[in-house]
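> Can you make the complete structure from the sequences, with help from the hints?
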Amino acid sequence: MTEQVLDAGDGHAPAVNSRRRTTLRPRRPKSKLASSFQTPLWHRVAERTIAVLALAAIAAIALIFVFIAREAVPMFWEVEFAEEVELRDLFLAKEWKGYDEPVFIWQPVGEPAKFNVVPLFVGSLKVTFLAMLMSVPLGIGCAMFIALYAPRAVREIVKPAIELLAGIPSVVLGFFALMVLASWAQAAFGFHFRLNAVVAAIGLALTIVPVIFTIAEDAIQSVPQTLTEAALALGARKYQVALRVVLPAALPGIAAGVVLGFGRAIGETMIVLMASGNAAIMEVFDFTTSVRTVTATIAAELGEVAQGDPHWRVLFLLGVMLFGVTFVLNIVGDLAIRRLQKKLTAES
Amino acid sequence: MRHTKKDWLLAGLTGLSLAVILLLLAVLLGQIIWHGAPVISAEFLTEKPGADMISGGIWPAIYGTVFMTLLMTLAGVPVGIATAIFLNEYASPRSRIAKVVRLAVNNLAGVPSIVFGLFGLGFFIIFVGGSIDSLLYDDPTPVWGKPSILWASLTLAVLTLPVVIVTTEEALRTVPRELRDASLALGATRFQTVYKIVLPNAKGGILTGVILAVSRGAGEVAPIIFCGAANFLPYLPTDLRDMFMHLGYHVYALATQSPNVDAAQPTLFGTVLVLLVLTFSLNLLAVIIRARSRAALRP
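Chain order of the listed sequences is A and B. So the first sequence is numbered by my numbering: it starts at 1 and just counts up by one. So the second sequence is numbered by my numbering: it starts at 1001 and just counts up by one.
Derived from the structure by calculation, the hints contain no laboratory data. Model, not experiment: these values are computed from the prediction. You may find that some hints are simply not true.
What the hints assert, rightly or not - List of simulated lysine-lysine pairs, DSS-like, C-alpha gap at most 30 Å:
no.	chain 1	residue 1	chain 2	residue 2
1	A	K159	B	K1203
2	A	K159	B	K1006
3	A	K342	B	K1099
4	A	K343	B	K1099
5	B	K1203	A	K114
6	A	K97	A	K114
7	A	K94	A	K342
8	A	K159	B	K1005
9	A	K94	A	K114
Stated by the list, open to error - Taking CB as the label site, the calculated pair distances span:
no.	chain 1	residue 1	chain 2	residue 2	range
10	A	V332	B	L1013	25 to 33 Å
11	B	G1012	A	L234	22 to 30 Å
12	B	A1185	A	P74	54 to 62 Å
13	B	G1012	A	R194	54 to 62 Å
14	A	V305	B	L1184	54 to 62 Å
To be verified - Covered stretches of chain A, going by a simulated chain B footprint (3 or more residues, C-beta under 8 Å):
no.	region
15	292-301
16	324-335
Ideal Cβ placement from N, Cα and C applies to all residues, glycine included.
Below you can see the structure in the form of structure tokens.
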């Protein structure tokens, strides 16, 4: 070893897990030969740096929450905000002047400005629901085909192809939905609005299918061979094994994939921003109208708002709510995956 | 094994869903290559855009994307690798700190990209940049506290952090336990084992993860909309505090805000193709390195 010769007692306690080593080892005499066995200083510095940097992810989550909330919460005490917006109008319907019934309206440039977030969340849920309706069967179907039926050669081609799909930037998918799919869908279904919830949902589905596929395929592959073999030995047909043994055993994993896919869909921005038409219409059941989602609203409007404006605060509040929703979804998905692992290790 | 009708039905239905996805992928790539390839020329790649954003080339957008991606890599990758080393080599998997870090990483991976944009604006630009400005300058015009390539890169570095961590951890896990045990038994310290044994053996896998993260970051647009991407900027960023053009943002701006989308269409398809080639070649590189490092690990 040719590292720098250093004194052991320089006050730097080695970081992480190495404390035991130093306490057990007797202090060596200060000869050049012996001390060359000491840990060089930079090793200890590096170990400590690693331990500190490992906290970055925790710090990031905390900072994200704190600094988005910091721009939103002054709305609860600021006079300028109270003068322009009533807090309950953010969530409840109101009978605005000129309307004959209470309505939910998002109209930030109107006079007076109307900041009801309900239409935006309805828009987000609508597009997400449609996208899930397409991508859950497609994703699970692909995963089952690959895990149960596909010959090896097909698998070797399909898995990289789906990885390729997952690697396409969402702005490209949004562009594809806007330029190509929208026109085709209008020609095929005669949509009144060229850009609408259906077109955006198809674009979204393209990003969610890889998520569901990857997790579902993992879950199906990790079902122990012994289960399927036992079922086959008992005389079950292959489709019976697939539907009644493999699928139920892999269900928590598949559910996790669906939950994480849902989280991805509701947080996706560029595709809905480009392909959904962005009209904040409060229309729950008609999927052929154009919609405005939470994410697209933030992306489209924040650039034009002055810092500290009531509109600015409401947009950051939308961000906080979005963060909260995906945070919960992630924890649920995580728990489902962990439960699956526990279940399968207990069974095999 | 005998196949019944129901077997064929299930295989057919699941196979059909695969066919639908592959068909959509093929149509997408086909359309972009078909319309985009004729636009690509030396001038398109190396010239600055004209004032109408449609004529001329997209060189500033290519340059900005690559520059931003490099900065993002420099800032994010070392932190990601350090976290993965900590989780896999130092912390015991059952320890509370490892569990909390894992939970944070998983959650970070699920935070919507637009929320990262709000974070970049609220934290980096307003808080960090604003604080630097108020400390250094009396002048109220912002120097650091405004959108710039630096803040956009740092925001994306945070966004790509979980990708780096997860893939690096996977790579570290493929290094056989025996190698570590042998090294420790010979008297090497834990750090020497990590540095001289584990990292060299996991090199390929870590590189794969880094490249995948870089490719993900290069294509993200939502986080940089407010953090530094410029609509039209015919000069190249020379300073960290400059704004910059970005291929993905250019596509978004041109497709949604251009007064004449039909005229912009060829430029758009060309730009999309360049962006796709950039991200796909990174992905392809990752796949090749992964295949090689797997082959090398096999006895």
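> Take the hints in turn and mark each one as holding or not.
Each hint tested on the structure:
1. A:K159 with B:K1203: With Cα atoms ~24 Å apart, K159 of chain A and K1203 of chain B stay inside 30 Å; holds.
2. A:K159 with B:K1006: Roughly 26 Å separates the two Cα atoms, so the pair holds.
3. A:K342 with B:K1099: holds, 16 Å
4. A:K343 with B:K1099: holds, 20 Å
5. B:K1203 with A:K114: violated, 55 Å
6. A:K97 with A:K114: holds, 11 Å
7. A:K94 with A:K342: violated, 50 Å
8. A:K159 with B:K1005: With Cα atoms ~27 Å apart, K159 of chain A and K1005 of chain B stay inside 30 Å; holds.
9. A:K94 with A:K114: holds, 10 Å
10. A:V332 with B:L1013: 25 to 33 Å: At roughly 28 Å between Cβ atoms, L1013 of chain B and V332 of chain A fall inside 25 to 33 Å, so the hint holds.
11. B:G1012 with A:L234: 22 to 30 Å: Holds, since G1012 of chain B and L234 of chain A (Cβ atoms, about 25 Å apart) stay within the stated range.
12. B:A1185 with A:P74: 54 to 62 Å: holds, 60 Å
13. B:G1012 with A:R194: 54 to 62 Å: violated, 34 Å
14. A:V305 with B:L1184: 54 to 62 Å: Distance hint for V305 of chain A, L1184 of chain B holds at roughly 58 Å.
15. 292-301: With 3 residues in contact (Cβ-Cβ under 8 Å with chain B), the coverage given for the region 292-301 of chain A holds.
16. 324-335: holds (count 7)
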